[in-house]
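Asker: Sequence:
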Amino acid sequence: MSSTRFDPILLHRQHIIDEVTCLDEIFDVLDGWPEDKRGLAYDTLLKACRDAANGRFPLSAARENFRRFLNMAGVLAKVEGGPKFDGPMNHQIGNA
3 MSSTRFDPIL LHRQHIIDEV TCLDEIFDVL DGWPEDKRGL AYDTLLKACR DAANGRFPLS
63 AARENFRRFL NMAGVLAKVE GGPKFDGPMN HQIGNA
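For what it's worth, our numbering labels the leading residue of the sequence shown as 3, then goes sequentially.
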């Protein structure tokens, strides 16, 4: 399998947001996918990821298909408006 990293994809998992950054992590998500929610889209994605692991399908396309799969399933996380750390963080807190 390939552990080549790509830009993170965020998904909702139970009560947390998880980050997927490589093909091995996609396989982890797919392995844990509920069996009663697997279907044609799941099977197609799994095949594409297996082909990507064997070098027969572009990793970037497997990543995009995974992102679309999560979006279709309603678990794709979109994090916007996070804090920005533009300046130095040298402010003291309390009496330190």
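Treat the hints with caution; some may be incorrect.
[Claimed, not checked] In silico DSBU-like pairs for lysine-lysine, Cα to Cα no more than 30 angstroms straight-line:
#1 K49 x K39
#2 K49 x K80
#3 K39 x K80
Quick caveat, the hints were computed from the structure, so don't treat them as lab data.
Asker: Taking the hints in turn, state whether each one holds.
Answerer: The hints, checked one at a time:
1. Between the alpha carbons of K49 and K39 the distance comes to roughly 17 angstroms, so the proposed pair stays at or under 30 angstroms and holds.
2. A distance of roughly 26 angstroms separates the Cα atoms of K49 and K80; the hinted pair therefore holds under the 30 angstroms criterion.
3. Under the criterion of a C-alpha separation no larger than 30 angstroms, the hint pairing K39 with K80 is consistent with the structure, at around 22 angstroms.
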